[in-house]
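Quick mapping for you: the protein sequence lines, in order, are chains A and B.
My numbering applies: residue 485 is where the first sequence begins, and numbers increase by one.
My numbering applies: residue 90 is where the second sequence begins, and numbers increase by one.
Don't read these hints as lab results, they were simulated from the structure.
From the three backbone atoms N, C-alpha and C, an ideal C-beta is built for every residue, glycine too.
Hints should not be assumed to be uniformly reliable.
Footprint (simulated), chain A over chain B, 3 or more residues, beta carbon under 8 Å [as the list claims (entries may be wrong)]:
#	stretch
1	100–106
2	110–118
3	137–148
4	159–168
The following residues of chain A were derived to be distant from chain B, with all beta-carbon distances above 12 Å [as the list claims (entries may be wrong)]:
#	residue
5	S510
6	Q555
7	R578
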Amino acid sequence: AQSVAQPEDQVNVAEGNPLTVKCTYSVSGNPYLFWYVQYPNRGLQFLLKYITGDNLVKGSYGFEAEFNKSQTSFHLKKPSALVSDSALYFCAVRDPLMFSGGYNKLIFGAGTRLAVHP
Amino acid sequence: ETGVTQSPTHLIKTRGQQVTLRCSSQSGHNTVSWYQQALGQGPQFIFQYYREEENGRGNFPPRFSGLQFPNYSSELNVNALELDDSALYLCASSPLDRNTEAFFGQGTRLTVV
Numbered sequence: 485a486q487s488v489a490q491p492e493d494q495v496n497v498a499e500g501n502p503l504t505v506k507c508t509y510s511v512s513g514n515p516y517l518f519w520y521v522q523y524p525n526r527g528l529q530f531l532l533k534y535i536t537g538d539n540l541v542k543g544s545y546g547f548e549a550e551f552n553k554s555q556t557s558f559h560l561k562k563p564s565a566l567v568s569d570s571a572l573y574f575c576a577v578r579d580p581l582m583f584s585g586g587y588n589k590l591i592f593g594a595g596t597r598l599a600v601h602p
Numbered sequence: 090e091t092g093v094t095q096s097p098t099h100l101i102k103t104r105g106q107q108v109t110l111r112c113s114s115q116s117g118h119n120t121v122s123w124y125q126q127a128l129g130q131g132p133q134f135i136f137q138y139y140r141e142e143e144n145g146r147g148n149f150p151p152r153f154s155g156l157q158f159p160n161y162s163s164e165l166n167v168n169a170l171e172l173d174d175s176a177l178y179l180c181a182s183s184p185l186d187r188n189t190e191a192f193f194g195q196g197t198r199l200t201v202v
């Protein structure tokens, strides 16, 4: 069964320091991987995705993620954190084998709350 | 902003009542999915509509139902509301392209009392 794990409920980092939010996945076939961010009382905003190609993916707001097939991981990173990055981050996977007739189910992790301190 | 709009933003209902939530998808997107996000959890897939038909469903009972209209907008209906139905309900739209991400609305916060 497909699944996504975000092992940290919360990550604390000082402003200006690098940040990493971890994600591991379990899926049959080659995964389609996504990161979304959620601010209070808001929906999910797309950050970046891995479909194929280069293992290092660059996304919005200076975020990037590294796909590691051998470790089944897709960690989110940013070289220098901002206080405004404080939010809830979700990793999600879409199993391409399930994509037929427009079927577009995403499986989400439980989320990691990022707190960036001044 | 994603172009996906949901209404209402907040709703309070009594246990046993029925509720209808609405979603307008982004222009050009013909697939709409609904997710339930309980407090402190990640979104859970409810079902998806494509060409006005349900073509995928998560682990939710039949009292969760939906519609998609010719303009690709959608409704989520929940009958016989239970306290555990209290959650943020998210609508996501996407084109028929496996390489394209889903775009989410801001959600409807449903509270069942």
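Structure-based check of each hint:
1. Coverage of a stretch by a chain is defined here by at least three residues with a beta carbon nearer than 8 Å to that chain's beta carbons; for the stretch 100–106 of chain B and chain A the count is 0, and the condition is violated.
2. Coverage of the stretch 110–118 of chain B by chain A is violated in this model, with 0 residues showing a Cβ closer than 8 Å to a Cβ of that chain against a need of three.
3. Chain A is given as covering the stretch 137–148 of chain B, and this holds because 6 residues of the stretch bring a CB closer than 8 Å to a CB of that chain, at least three being needed.
4. With 0 residues carrying a beta carbon less than 8 Å from a beta carbon of chain A, the stretch 159–168 of chain B misses the three-residue requirement, and the given coverage is violated.
5. At roughly 15 Å from the closest C-beta of chain B, the C-beta of S510(A) stays outside 12 Å, upholding its exclusion from the interface.
6. With 12 Å as the threshold on Cβ separation, the claim that Q555(A) sits away from chain B holds: the shortest Cβ distance comes to roughly 21 Å.
7. The beta carbon of R578(A) is not kept farther than 12 Å from every beta carbon of chain B, the shortest such distance being approximately 8 Å.
Violated hints, listed in ascending order, are 1, 2, 4 and 7; each of the other numbered hints is respected by the structure.
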